[in-house]
Amino acid sequence: MFKHFINLEWKSFIRSASVGKNIGLKIFLGFLAVYFMLAFLGLGVAIYPLTKEFFPKQEVLNVVNNFVLIWLILELIFRFFMQTLPVINIKPLLIVPIKKEKVIHFVLLKSLTSFYNLLPLFIIIPFGIVYIYKENSSIFSMIVWMATMYILVLCINYINFLLKKKFTDNIKGLFPYLLLVLILVALEYFSVFSITKFFGNQIGYLEFYPFLMLIPAAFLFGLYSWNFYNLKSRFYIDNSIQAKKQEVSNSDFSWVKRFGKIAPFLQLDLKLIWRNKRPKTTVWLSLFFLCYGLIFYPNPSYQDMPAFFVFVGIFITGIFMINFGQFIPAWDSSYYSMMMAQNIPLKQYLNSKAGLMTFSIIVLAILSTPYVYFGINILLLNLACALYNIGINVPVLIFAGSFNKKRIDLEKSPFMNYQGTGAAQWLVGIPLLLIPLLIWYAFYKFFNYDIAVITLALLGLIGIVLRNFLMEKIAKQFAKKKYEMINGFKQQES
Amino acid sequence: MIQVQNLTKTYNGTTVLNIEHLEIPKGQSFGLVGNNGAGKTTFFSLLLDLIQPTTGFITSNSIQINTNEKWKPFTSAFIDESFLIGYLTPEEYFYFIGELRGWNKADVDSFLVKYEDFFNGEILKNKKYLRDLSKGNSKKVGIVAALIGEPEVIILDEPFANLDPTTQIRLKKIIKELADDNSVTILVSSHDLQHTVEVSNRIVALQKGEIVLDLIPSSETLKELEAFFAA
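Chains as they are written, first to last, in our numbering: chain A, 1 to 494; chain B, 1001 to 1231.
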């Protein structure tokens, strides 16, 4: 039976519309994977000598065991945000004679093939081997240790699965568990009871009682069953047929009326952002990235490279512009043919997008003013970057948008979501971030800081003056690419 | 009103549409029938400049569609769900379309009153986004939206599909009323021969991209069409 599922999976993969088109992206992700594997391998080998160096008086394995719980929790948090769960389209399977159990087992087992389950092996195994070699310890007990570690990792896999499936629409159900975690953290913090040490000690017993390994194994089995019954109870399409109870938001953004001709589109864009998961998360991310400067400004190692602050300035004031702008007009992909058949002047449509991005830059620039704490120079640079973003980067992004022809699903999470990403998204990063940095650096080297800042601001102002002219040209480019876009946006990706 | 000249559309060497000459006078109610793949949607997409013709062109009110955008203010259409904006409520969608066509909220509201029957209480004031409506209900929204702003050319692709019997009858009434108005040219495609015969004052059948029948409906028309498609 599993043979059929694997067959279906394989076909859905190789026959999806996007395969082949996304080779560049696949290669990039491949490199990322290799990078992480090497990094983890390095870490795995290095743990032993590092522990020896930082905790010379303690037994290495004890120290490592004490960190295991923290590692597992971090991994869980990371997975919760990044790992995509395996999905199988159950609708066509419901009425064919296949046992539900089989399908659920398949989904659950498929989650094991995730890259996130492979990575920890690159730490666990090298560490185990180094440990056996250095400490001359018993190979058997180390293998038991490694196996236990991996079982714990798999437990995390299924805990994550459970969290995502069971608690996404029932956040309240999570509170008791969260409370427990907080209490444990508090106990640890005030040195009343150290759960990490306790956990570490338990793992330590493995050396003497290898059969204790059965406890995490039983725990893993329990989690698997919990997931299984949870999925089984949901194995109906009720959820998709049932009328959604989601209340509509009443905000009609009528205050944007004062923006004249672009108002209807602006209103539409605000609703787009407010009512759809992916663009909405993008906004929250932008606020989060406001803190980006805190990493760079106080760090003494960047003080000699102020050119780097240009990068930070462009990023802080332009993060929404970048995140939103790179997918113009793919945000409207699901109804793009209507937009093209309707009585809509392209220029107004694009102007409204430009207006929205400009507005976001102004807001972010204002929100970033507290960085004046790190010096008036930082503030001036950020404001210059904001002007540059408004004048130059906004038109550049919209122009790059004319090369977009990949559909976007508005209701999917943006984390690790490469839907709608093509070469245009990567290439546009160069003029967006690199060119202002180079210009600034050149003027900084030949003249001084102030002149470099003024140059950047001036370029932005020139762009603002030329905005109308530029938008005219861009609208022509969009008109030229129209048919390609309509066709591209129709392709559903699996 | 609409003139088609040597229009062809070819995909990878396969010709999916080939209309040498076709003239649709102003005020006509034009019914397009044909099997799957006959080229109905292709023709409508060309009429809306959503795809490019391989050869030839269409003019609407003497405006060449693929080179000039001036046809847009007097043309409206509902082709498929890609004409709907999923995250809007029906009201918001109507207002948006109204705004694009120069109608304010009050205009749209008084216009919608006429379609309360057609909506059957399932569309307005239901606090639902379009993406959460059933297929039939979202189709109702799309069709009515295509009538906003007093367009002179209305294009409806398969308007009867997915509608319940009551709504089909009401839709026929709406289309007939539009057909009686001599300033409105309405183009409707359908698989349903009877519906088409009832609402049109001219019927064209497409087969493999070519016009094979061009009839003025009479009492014999339905039989004639059935005989043709049965063959």
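Worth double-checking, as some hints may not be accurate.
[Claimed, not checked] Restricting the straight-line Cα-Cα distance to at most 20 Å, the calculated cross-link-like pairs of lysine-lysine (PhoX-like) are:
#1 A/Lys52 <-> A/Lys197
#2 A/Lys57 <-> A/Lys134
#3 A/Lys165 <-> A/Lys232
#4 A/Lys261 <-> A/Lys347
#5 A/Lys277 <-> B/Lys1127
#6 A/Lys166 <-> A/Lys100
#7 B/Lys1208 <-> A/Lys476
#8 A/Lys347 <-> B/Lys1127
#9 A/Lys347 <-> A/Lys480
#10 A/Lys166 <-> A/Lys3
#11 A/Lys232 <-> A/Lys100
#12 B/Lys1176 <-> A/Lys261
#13 B/Lys1070 <-> A/Lys481
#14 B/Lys1070 <-> A/Lys482
#15 B/Lys1135 <-> A/Lys490
#16 B/Lys1070 <-> A/Lys257
#17 A/Lys99 <-> A/Lys232
#18 B/Lys1070 <-> A/Lys480
#19 B/Lys1128 <-> A/Lys277
#20 A/Lys102 <-> A/Lys165
#21 A/Lys166 <-> A/Lys261
#22 A/Lys261 <-> B/Lys1070
The set of hints was computed from the structure by calculation and includes no laboratory data.
Hint check:
A C-alpha spacing of about 18 Å is found between A/Lys52 and A/Lys197, which places the hinted pair at or below 20 Å, so the restraint holds. Straight-line distance between C-alpha atoms of A/Lys57 and A/Lys134 comes to about 16 Å, which keeps the hinted pair within the 20 Å bound. Distance restraint check for A/Lys165 and A/Lys232: the Cα-Cα separation of roughly 12 Å lies within the 20 Å cut-off, and the hinted pair is therefore satisfied. Of the supplied pair hints, the one linking A/Lys261 and A/Lys347 holds, its CA atoms being roughly 11 Å apart against a limit of 20 Å.
A threshold of 20 Å between alpha carbons decides the hint, and for A/Lys277 with B/Lys1127 the separation of about 19 Å falls inside it, so the pair holds. Between A/Lys166 and A/Lys100, the direct Cα distance comes to roughly 18 Å. Compliance with the 20 Å bound is thereby established for this hinted pair. A distance of roughly 35 Å separates the Cα atoms of B/Lys1208 and A/Lys476; the hinted pair therefore is violated under the 20 Å criterion. Proposed proximity of A/Lys347 and B/Lys1127 is contradicted: the alpha carbons are some 32 Å apart, above 20 Å.
Of the supplied pair hints, the one linking A/Lys347 and A/Lys480 holds, its CA atoms being roughly 13 Å apart against a limit of 20 Å. Between A/Lys166 and A/Lys3 the CA atoms are separated by roughly 28 Å; this puts the pair beyond 20 Å, and the hint is violated. In summary, the hint linking A/Lys232 to A/Lys100 is supported, as the alpha carbons are separated by about 7 Å, within the 20 Å threshold. Among the hinted pairs, B/Lys1176 with A/Lys261 is inconsistent with the structure: their alpha-carbon atoms are about 36 Å apart, more than 20 Å.
Distance restraint check for B/Lys1070 and A/Lys481: the Cα-Cα separation of roughly 19 Å lies within the 20 Å cut-off, and the hinted pair is therefore satisfied. Between B/Lys1070 and A/Lys482, the direct Cα distance comes to roughly 16 Å. Compliance with the 20 Å bound is thereby established for this hinted pair. A hinted pair counts as satisfied when its Cα atoms are at most 20 Å apart, and B/Lys1135 with A/Lys490 qualifies at roughly 18 Å. The straight-line distance between the Cα atoms of B/Lys1070 and A/Lys257 is roughly 26 Å, outside the 20 Å bound, and the hint therefore fails.
Taking the CA atoms of A/Lys99 and A/Lys232, the gap is near 11 Å; set against the 20 Å cutoff, the hint holds. Distance check on the hinted pair: B/Lys1070 and A/Lys480 sit about 17 Å apart at the alpha-carbon level, within 20 Å; holds. Taken as a hint, the B/Lys1128 and A/Lys277 pair is honoured in the structure, with Cα atoms around 17 Å apart against an allowance of 20 Å. As the CA atoms of A/Lys102 and A/Lys165 are separated by approximately 19 Å, the hinted pair is consistent with the 20 Å bound.
Pair hint A/Lys166 plus A/Lys261 does not hold up; C-alpha atoms about 46 Å apart against a cutoff of 20 Å. For the hint linking A/Lys261 to B/Lys1070, the alpha-carbon distance of about 18 Å falls within 20 Å, and the restraint holds.
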